[in-house]
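Full structure from sequences and hints, please.
If you count the sequence shown from 1, position 97 lands on 97 in the working numbering, and the numbers rise without skipping.
To be clear, the hints were calculated from the coordinates, so they are not data collected in a lab.
Heads up, some of the hints might be wrong.
To be verified - For lysine-lysine, the following DSSO-like pairs were computed, each having C-alpha atoms within a straight-line distance of at most 30 Å:
id, residue 1, residue 2
1, K341, K401
2, K14, K150
3, K245, K289
4, K413, K282
5, K21, K67
6, K401, K174
7, K259, K288
8, K288, K245
9, K265, K245
10, K178, K168
11, K21, K167
12, K289, K341
13, K21, K168
14, K259, K282
15, K14, K37
16, K265, K282
17, K288, K265
Every value quoted in this text rests on a predicted model; they were computed, and no experiment measured them.
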Amino acid sequence: MNRLYLQQILIDQKEAFLNRKGLIQRDIHLDNYLRTKQIVVITGVRRCGKSSLMFLIQQAMQLDESKVCYCNFDDERITSYPALLNDIYALHIEMYQTEPVFFFDEIQLIPGWERFANRMYEQGHKIFVTGSNATLLSSEISTSLTGRNKVIELFPFSFAEYLRFLKKDYALDKLSVKQRSLLLNDLGSYISMGGFPLVVSERDLDIAHALFQDILYRDIVVRFRLTNVEEIREMALFLASNIGKLFSYATLQKITGIKSLSSIKNYLSYFEAGYLFHYLRKFDYSVKKQIMNSRKVYAIDNALPNRLGFGFSGNRGRLLENVVLIELLRRGHEVFYHSNKHECDFLIRENMEIVQAIQVVYELNNENYSREINGLNEAMAAFNIPVGIIIVNFENDFTTKLPPRIDAVPAYKWLLEGDTRKD
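In structure tokens:
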């Protein structure tokens, strides 16, 4: 690749990177990553704000522009070759005559990047990288960077970040009837629109469809060199239409018509690697049984099932359930579901022990009251949990008549006041 051409690309990219506007602070403790000498890896679904977070990090570091060595490798003008990273480093030294701090976007597109990162780490450089594929943290890379990397798993906006982006602030302990109504309306919009920054900014769910296409083709089909594109797309659309539902390899094989069981397993792993979907296991003390049991599927963000899932937009209960699950993952929890005679949506495990049971229902009413209470009681008894939680969209007469040791929590309160992210 021509060095002058590469130099011009780097200058253009850096100018765009350093002139980002209208960003919000994410709910991440940046100090933990500013002080570390380790390589900081920011990973997460495409377009969730990784580059913006990296900008906020360099801003917090108060770096002189001459110290910033930035490159976005998701650029059609850049051709990967063995000495690319070395050339970028050399060009920076030539242009600025100073050692840089590295900020690399979509680093997974450069084979062998971890060897360069290791060498720069050994020389005392600070390195920040982003990637849109979970294979960025594959066992090979993790092994080569053992003890040298700190990971930030970034998600689309939480409800708190969504409100911050819209410049809305509610004092939960002083909500008037009007403010509570406005807050519930904002929550309804969040449940529908999700938290992808561009979708929120433009108020346009069609952006989620374009994003889905990008993830599917660029992060999955191209990366894993797949040929059955329509087959993969149909399976992804089926999963997006069945958020919060159980699935097994056999049922997927029957419903999608995909004959190869190994293909189904591979496609599921590719979707997870691209951060499209998360699969929730049934809790069992036997890991083998966990693997064999049916799993539940959830989307990385509500914009995807709302835009892609056939007839899904009206299912407010499962959309709220999806919001809660992603928030639990955002907070760093290990989550399972419970199923025996009854079902409980979420179990949280800490230090190998189940410590919390959560049921999610949009509205508690005559039709679902017994089902939700029985599922929660069964999970609490099975794991000796003192208090169970039912997260509801809003409180009503049924939420005031709950059995002892079961608390109803409005979703907005749980989302805005719950335990914080474990950075």
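Practice task
Enumerate the violated hints, using their earlier numbering and listing them in ascending order.
Solution key: none
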